[in-house]
Amino acid sequence: VTRVEGHGKVTILLDDQHRVHQVRLHIVEFRGFERFIQGRPYWEVPVMVQRLCGICPVSHHLAASKALDRWWACGRCPADRRRVRRLMHYGQILQSHALHFFHLSSPDLLFGFDSDPGPQRGRRAGRLPGARAPRRPAAQVRPGGHPHHRRQAGPRHRLDPGRREQAVTPAERDELAAPLPDVLAWAQPACGWWPSSTRPTARSTTTSARVPSACCRWWRPTARSICTTAGCAPATPTARSSSTASSRGLPTRIHENVRSWSYMKFPFIAALGPERGWYKVGPLARHAELRRIGTPLAEAARQELVARRAGGVVHAPLAYHWARMIELLHAAEVIASCWPTPRCSATS
Amino acid sequence: VHVLRELRKQCKILVAVGACAINGGLPAQRNHLDIRDCLQFGVPERPGVERGFIPNDPELPLPLAQVHPLHDVVKIDYFLPGCPPSADAIWQFLTDLIAGRTPRPWGTA
Numbered sequence: 001v002t003r004v005e006g007h008g009k010v011t012i013l014l015d016d017q018h019r020v021h022q023v024r025l026h027i028v029e030f031r032g033f034e035r036f037i038q039g040r041p042y043w044e045v046p047v048m049v050q051r052l053c054g055i056c057p058v059s060h061h062l063a064a065s066k067a068l069d070r071w072w073a074c075g076r077c078p079a080d081r082r083r084v085r086r087l088m089h090y091g092q093i094l095q096s097h098a099l100h101f102f103h104l105s106s107p108d109l110l111f112g113f114d115s116d117p118g119p120q121r122g123r124r125a126g127r128l129p130g131a132r133a134p135r136r137p138a139a140q141v142r143p144g145g146h147p148h149h150r151r152q153a154g155p156r157h158r159l160d161p162g163r164r165e166q167a168v169t170p171a172e173r174d175e176l177a178a179p180l181p182d183v184l185a186w187a188q189p190a191c192g193w194w195p196s197s198t199r200p201t202a203r204s205t206t207t208s209a210r211v212p213s214a215c216c217r218w219w220r221p222t223a224r225s226i227c228t229t230a231g232c233a234p235a236t237p238t239a240r241s242s243s244t245a246s247s248r249g250l251p252t253r254i255h256e257n258v259r260s261w262s263y264m265k266f267p268f269i270a271a272l273g274p275e276r277g278w279y280k281v282g283p284l285a286r287h288a289e290l291r292r293i294g295t296p297l298a299e300a301a302r303q304e305l306v307a308r309r310a311g312g313v314v315h316a317p318l319a320y321h322w323a324r325m326i327e328l329l330h331a332a333e334v335i336a337s338c339w340p341t342p343r344c345s346a347t348s
Numbered sequence: 001v002h003v004l005r006e007l008r009k010q011c012k013i014l015v016a017v018g019a020c021a022i023n024g025g026l027p028a029q030r031n032h033l034d035i036r037d038c039l040q041f042g043v044p045e046r047p048g049v050e051r052g053f054i055p056n057d058p059e060l061p062l063p064l065a066q067v068h069p070l071h072d073v074v075k076i077d078y079f080l081p082g083c084p085p086s087a088d089a090i091w092q093f094l095t096d097l098i099a100g101r102t103p104r105p106w107g108t109a
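One line per chain: the protein sequences are R and G, in this order.
With the working numbering applied, the first sequence has no gaps in its numbers, which climb one by one up to 348 at the end.
With the working numbering applied, the second sequence has no gaps in its numbers, which climb one by one up to 109 at the end.
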């Protein structure tokens, strides 16, 4: 990837008959991280790239750390360090997915898509009798993830150099692990909420804004968790892929296009070409190629999604919510599995 | 710059929030580089990149040659530093503002 930018705007171009001719997502911001990290001391880079994104600073931090692992040729990093990285990453996923679904998206789902999108809706959400079911755990699920990456990454989710070297005291471990049983208990019904609440209107939720495309996710044959960086598994719009590329092989598998109207570059799967080779990423795309989730509760929830997709690939944008809740449950399980071991608090 | 000037015209109180607004932050690291060099980075020399040109559509704001703090362009009334500013600092600032008080510097009672 040779450019990473964020802020955007959408323009809708109409033809003479006022029909939609083209819709463009413009990435309007240019910062130049890719260029100005060149020549900096290498230990600064993981801290610098956290500033690429306020939503996923941990992902960028860990990506840079792993790149430096490789550059140092230090092989696989020690088990304790891997566990700490896992805690950071899944803490981020847990709180971010909870924020997205419960705080930002649930008003749309509660009131239906034809409801008035005005500012009153958020206030009404809190007064609905049914609203409490999904929203109340929200306020409690999100803090279940926050402290994990805050503990590892500092109070502002920006890792202070060396902070990860500090041992976790038994008291801190107990404090961080305490909410996990509750988070697990709340995350399970959240997985069932989407399929149960959308069943009566399944057609609209499975066909609305459905745009088939290829999908991509990171993949490793033996991985128990959804986030790994060993290889890249592209899936075509209609079928799961049997071929994967190692991360070193990506430059030949993923190419980039440039357009005049966006600072973002447009990556595509080279074998499919620039028109058909664009791909989705994120929770639903990860599920397109997923064969198993290595934690039992999330795997059981995933099986329901697998049954719904009937062997194909789910492209309905609204199903992102469902996939996101399965990942939230998975994240809580991974975090819980990290904590009982005393090695997480080792001083090494 | 145009949007910032418009904002200033419309605002009674304009606040610079975060390191990028106050001193350019990390993006100001490109100030010793040529902007064209940054925009072309990775385009011509990387295999697989096609049609390597610099985006130039009128819908895109052109980057300035240098990154500037906001107060280089317009008058700023308050500054909330940090990358990011702490949630508590933002909370205290807005609470003071809404209550009609002069916002206290963060860290003071």
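Check before you lean on any hint, since a few could be wrong.
Some chain G residues judged to face chain R by a derived CB distance under 8 angstroms, without partners named [unchecked claim]: (1) L39; (2) P55; (3) L94.
Below are the EDC-like pairs computed for lysine to aspartate or glutamate, each with C-alpha atoms no more than 16 angstroms apart in a straight line [said to hold, decoys possible]: (4) R:K9 <-> G:D34; (5) R:K9 <-> R:E29; (6) R:K9 <-> G:D96; (7) R:K66 <-> R:D80; (8) R:K9 <-> R:E44; (9) G:K9 <-> G:E59.
Just so you know, the hints here were simulated from the structure itself, not pulled from any lab data.
Glycine included, C-beta positions come from ideal geometry on N, C-alpha and C.
Which hint numbers does the structure go against, in order from smallest to largest? 3, 4, 6, 8, 9
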